[in-house]
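Use the sequences and the hints to build the structure in full.
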Amino acid sequence: MIALLLALGSSLAYGCADFLGGLGARQAHVLRTVMIAAPASLAVELLLWPVLGASFDPATLGWGAASGVASAAAFALLYRTLAIGPMNVLSPVTALVSAALPVGVGLLQGEHLTAAGLVGLPLALVAVVLVSAGHGAGSARPSRTALLLALGAGAAIALQLIFLHQAPSGSGVAPLVTGRAVSSAVTLAAAGLLRRRLGSERPAYGASAAAGILDSVANLLFLLAARSGDLTVVAVVTALYPAGTVLLARGVLAERIHRGQLVGLGTAAVAVSLLALT
Numbered sequence: 060m061i062a063l064l065l066a067l068g069s070s071l072a073y074g075c076a077d078f079l080g081g082l083g084a085r086q087a088h089v090l091r092t093v094m095i096a097a098p099a100s101l102a103v104e105l106l107l108w109p110v111l112g113a114s115f116d117p118a119t120l121g122w123g124a125a126s127g128v129a130s131a132a133a134f135a136l137l138y139r140t141l142a143i144g145p146m147n148v149l150s151p152v153t154a155l156v157s158a159a160l161p162v163g164v165g166l167l168q169g170e171h172l173t174a175a176g177l178v179g180l181p182l183a184l185v186a187v188v189l190v191s192a193g194h195g196a197g198s199a200r201p202s203r204t205a206l207l208l209a210l211g212a213g214a215a216i217a218l219q220l221i222f223l224h225q226a227p228s229g230s231g232v233a234p235l236v237t238g239r240a241v242s243s244a245v246t247l248a249a250a251g252l253l254r255r256r257l258g259s260e261r262p263a264y265g266a267s268a269a270a271g272i273l274d275s276v277a278n279l280l281f282l283l284a285a286r287s288g289d290l291t292v293v294a295v296v297t298a299l300y301p302a303g304t305v306l307l308a309r310g311v312l313a314e315r316i317h318r319g320q321l322v323g324l325g326t327a328a329v330a331v332s333l334l335a336l337t
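For what it's worth, this note's numbering labels the leading residue of the sequence shown as 60, then goes sequentially.
Source of the hints: derived by calculation from the structure; they are not laboratory data. Note that the structure is predicted; figures quoted are calculated from it, not measured. The beta-carbon is built from N, C-alpha and C at its ideal position, and this holds for glycine as well. Some hints could be false.
So the derived label-pair ranges between C-beta atoms look like this [unchecked claim]:
(1) 332 to 310: 21 to 29 angstroms
(2) 85 to 287: 33 to 41 angstroms
(3) 163 to 332: 21 to 29 angstroms
(4) 170 to 111: 23 to 31 angstroms
(5) 265 to 315: 20 to 28 angstroms
(6) 177 to 321: 19 to 27 angstroms
(7) 317 to 253: 30 to 38 angstroms
(8) 244 to 318: 41 to 49 angstroms
(9) 98 to 252: 16 to 24 angstroms
(10) 121 to 257: 27 to 35 angstroms
(11) 248 to 325: 39 to 47 angstroms
Below you can see the structure in the form of structure tokens.
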């Protein structure tokens, strides 16, 4: 139950971070938003260091760095995917892959589900797809390149979560600090190389910094959840993060929640209830 609650908190924090990051990216190039979000995120993890401790042994550094590279790749692939579109097809593909791969890894590592979990897990995967599917041109077909990018984005997100899970349980926040430092360095290097394409628009500083802070909170909650529960359950519940984005978009921007998304939110509630019984 503790792992489930932590995973729900992680999902909510990821959803809020995506919403705020999206707001920031509306005013300026997305890399400008990340140039603010990344240092804010790293600052939070450094502040947590004295509280939660950190052990930078070779295994932790390796898995943390790998998660950082995966995080940077996920960012680049995800935004490129959504730029190509159609979002209503590609977003569910990305979300489903990001949930399914950790489930496979968890099962291969010997994790087991109860009868309730065997029902709740597929329902949660269905909910991930429904909640992340927006309203778009139903007849639009994604190109092969777009589908490959969507699969790659989902795989990169999944790998980030898997690598964090593999870090030694006694390493504290060291995997997060290492991963964020690596992903920030990669992102800032990309921004430097593309500086002529970034434009002169200023990002929303407050929203961008808040997105980075919430992303760190989400990573921490996921790490704690994965250390106290099964990756199969934690990863799928965390992958419900589009629900938070959808609800915030409804409350703040008055965006419509479509029928499929409402069904997805209801399905998610049932799935989480069943997973709680595991």
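Hint check:
1. Look at residue 332 against residue 310: about 24 angstroms separates their beta carbons, and that is inside 21 to 29 angstroms.
2. Taking 33 to 41 angstroms as the suggested C-beta distance range, the pair residue 85 and residue 287 conforms, at roughly 37 angstroms.
3. Taking 21 to 29 angstroms as the suggested C-beta distance range, the pair residue 163 and residue 332 conforms, at roughly 24 angstroms.
4. Between residue 170 and residue 111 the beta carbons are some 25 angstroms apart, a value that agrees with the proposed interval 23 to 31 angstroms.
5. The hint said 20 to 28 angstroms for the Cβ distance between residue 265 and residue 315, and at roughly 26 angstroms that hint holds.
6. In this structure the supplied range 19 to 27 angstroms holds for residue 177 paired with residue 321, their Cβ-Cβ distance being about 25 angstroms.
7. For the hinted restraint 30 to 38 angstroms between residue 317 and residue 253, the CB-CB distance of approximately 35 angstroms keeps it satisfied.
8. Distance hint for residue 244 and residue 318: a CB-CB separation of about 43 angstroms, consistent with the stated range 41 to 49 angstroms.
9. For the pair residue 98 and residue 252, the beta carbons lie near 19 angstroms from each other, so the given range of 16 to 24 angstroms is met.
10. A C-beta distance of roughly 32 angstroms is found between residue 121 and residue 257, which places it inside the suggested range of 27 to 35 angstroms.
11. Take residue 248 and residue 325: their Cβ atoms lie about 43 angstroms apart, and the range 39 to 47 angstroms holds.
The structure agrees with every numbered hint stated previously.
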